[in-house]
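Sequences are here, hints too, so could you generate the full structure?
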Amino acid sequence: MAETRQAETHGFQTEVKQLLHLMIHSLYSNKEIFLRELVSNASDAADKLRFKALSNSDLLADDAELRVRVSADKDAGTITISDNGIGMTRDEVMSNLGTIAKSGTAEFFSQLSGDQAKDSRLIGQFGVGFYSAFIVADSVTVRTRAAGADKADAIEWQSKGEGEFDIRAIEKAQRGTDIILHVREDASEFLDEHRLRGIITKYSDHLNIPVEMPERDDDGKLKEWQAVNSGQALWTREKSEISDDEYKEFYKTIAHDFEDPLLWSHNKVEGTQEYTSLLYIPKRAPWDLWNRDQQHGIKLYVKRVFIMDDAQQLMPTYLRFVRGLMDSNDLPLNVSREILQDNKITRAMRSGSTKKVLSMLSKLAKDDPEQYQEFWNTFGTVLKEGPAEDQANQEKIAGLLRFASTHEDKAEATVSLDAYIERMAEKQETIYYIVADSYEAARDNPALEIFRKKGIEVLLLSERIDEWLMSHLSEYKDKSFKSVTRGDLDLGELDDAEDKKQHEELEKAFASEVERFEKALGEKVKSVRVTHRLTHSPACIVTDEHDMSTQMAKLMEAAGQKVPETKYIFEINPEHALVKQVVELDNDDKFAEWAQLLLDQATLAERGNLKDPAQFVTRLNRLMMELSAGKLS
1 MAETRQAETH GFQTEVKQLL HLMIHSLYSN KEIFLRELVS NASDAADKLR FKALSNSDLL
61 ADDAELRVRV SADKDAGTIT ISDNGIGMTR DEVMSNLGTI AKSGTAEFFS QLSGDQAKDS
121 RLIGQFGVGF YSAFIVADSV TVRTRAAGAD KADAIEWQSK GEGEFDIRAI EKAQRGTDII
181 LHVREDASEF LDEHRLRGII TKYSDHLNIP VEMPERDDDG KLKEWQAVNS GQALWTREKS
241 EISDDEYKEF YKTIAHDFED PLLWSHNKVE GTQEYTSLLY IPKRAPWDLW NRDQQHGIKL
301 YVKRVFIMDD AQQLMPTYLR FVRGLMDSND LPLNVSREIL QDNKITRAMR SGSTKKVLSM
361 LSKLAKDDPE QYQEFWNTFG TVLKEGPAED QANQEKIAGL LRFASTHEDK AEATVSLDAY
421 IERMAEKQET IYYIVADSYE AARDNPALEI FRKKGIEVLL LSERIDEWLM SHLSEYKDKS
481 FKSVTRGDLD LGELDDAEDK KQHEELEKAF ASEVERFEKA LGEKVKSVRV THRLTHSPAC
541 IVTDEHDMST QMAKLMEAAG QKVPETKYIF EINPEHALVK QVVELDNDDK FAEWAQLLLD
601 QATLAERGNL KDPAQFVTRL NRLMMELSAG KLS
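Note that the UniProt record's numbering has the sequence shown beginning at 1, numbered continuously upward.
Think of the hints as simulated: they come from the structure by calculation, not from any bench. Incorrect hints may have been included.
Unchecked claim - Simulated restraints, written as ranges between beta carbons of each label pair: (1) K160 - D367: 15 to 25 Å; (2) E224 - D192: 50 to 60 Å; (3) S243 - D368: 13 to 23 Å; (4) A76 - Q341: 13 to 23 Å; (5) A173 - E224: 27 to 37 Å.
Claimed, not checked - With a straight-line Cα cutoff of 20 Å, these simulated EDC-like cross-link-like pairs (lysine to aspartate or glutamate) come out: (6) K31 - D192; (7) K427 - E374; (8) K453 - D490; (9) K410 - D367; (10) K355 - D390; (11) K202 - E162; (12) K202 - D218; (13) K31 - D367; (14) K239 - D260; (15) K396 - D367; (16) K427 - D478; (17) K453 - D409; (18) K508 - D496; (19) K453 - E429; (20) K283 - E412; (21) K202 - D138.
Keep in mind it's a predicted model, so treat the numbers as computed, not measured. Ideal Cβ placement from N, Cα and C applies to all residues, glycine included.
Below you can see the structure in the form of structure tokens.
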């Protein structure tokens, strides 16, 4: 091995410096995890080469037996993890080992709490397995040569994890990657090859790439390399033969997570299509959960041969938190992403896996509501994308949704649509809801007053996606949805004859005052009418049935889209003391001022903001001073 040029020194990305500091200070309580991560990465490199070699057999050259090798040198104080997989080019080394090549690291570090146990789980969510090498090493050397590259085009990367790394061109006789860990004194236990063998058996037994360790003679010299893992893919075994611990360890390997999964499902499908699926629901959200373009967590195998690790065609986007794999007996080995895009086999696998995940979640919700609530708190917002994306499973997804409600005393206490329907008032045929900027804004919206008076439950929605969700969810189990802040309020048979008669009388008696409000407010409102929603507040605004809702307009504005101005319907409560005093004003100018103030208050309650808050404050102060001076009229 001969160097071809001098080493170049580069600084780590800022986030990597922070991460290495955590690693070096033994963030992980379970140090042996470093070997699981590095062996898993090496196995992935071999899998990727095997797939690429399907279309270019020259990449294998004269070294077609793919494997991972692990050895220790007590005298040198090193552990070496070596593979003959895909290898890396110089650019790939710079990208993969000099940065955390993912958008979200700033968020990651903002969440660090200083609690080692919590922070180690967080690191697992961000998938930074290579840097776990620094749990046991004070220096790491990586030598790599990309498959198909000349031996003189290999690269060596070195770092002590102190903010910088060196990179140089070297010669390397074989393709693949060697990672050499210069082990710290406090981690010298891992220089024992029997210890390493036990770790591999524990964590990596299922890998279908041989993980080899040296068989030595009495003098410690190498006799031969022997595979220490069984090499049988876990998902090919019978479920009855696999322990829960094995399922959990397999999940940690493929998901690069450091926590056990919430639940999993292992299925073999036979018939028109034959495939095996092993699907996991994590406990914690991955760092890039909110990025719909992120890599999906489903690996695709064909006849036990790894094909790709981002098979987004096998799982809908709203289930992007699912981790696992699918192994098909029907797809060709040279399958491409383009073929997967429009393929009846893929569609059948996607449909089957989707139903399986929804079934898993439904069972969890039924059997363990508390555990399901924890799942919902973590992944509920993503699941809300489902009704718009997956019409075929819309009702199943709707059954998994959870909402805050006027029948509960806090935002964290949620209700399912089934539970809502079970406790609907007699003769109620509609599921009522309100969408607002926050739970508090929804809970305290004046439009809820009549519902509280009559004991009718209303769902309180306060996430940005909720308006989008409800625009695609028109009914559930033959019950239609109705926003309490849109259109005319007709409670149907929930209103008794006396209520209806009283409302009609109020409308007639207040007709002239309605005209006066309309004249005073002019083009600022779409219309004015006597309210049926309010019992305690003087006024509210609502959108017409066919106009864009407040929250949808905000959603589009946030996305940078131009939104036409919505004119609201202004509803007045004639029985409110303030309204009674305002309509007694003879001075039309003063009446107009109070009408505008009532409109601004109602707008503030519905929208949470005003176009001209300064003018509102000035008007409010002036009218309050006049009131205090006894000059209302």
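- Item | Non-conforming hints, listed in increasing numerical order | 1, 2, 4, 5, 7, 9, 11, 12, 13 and 21
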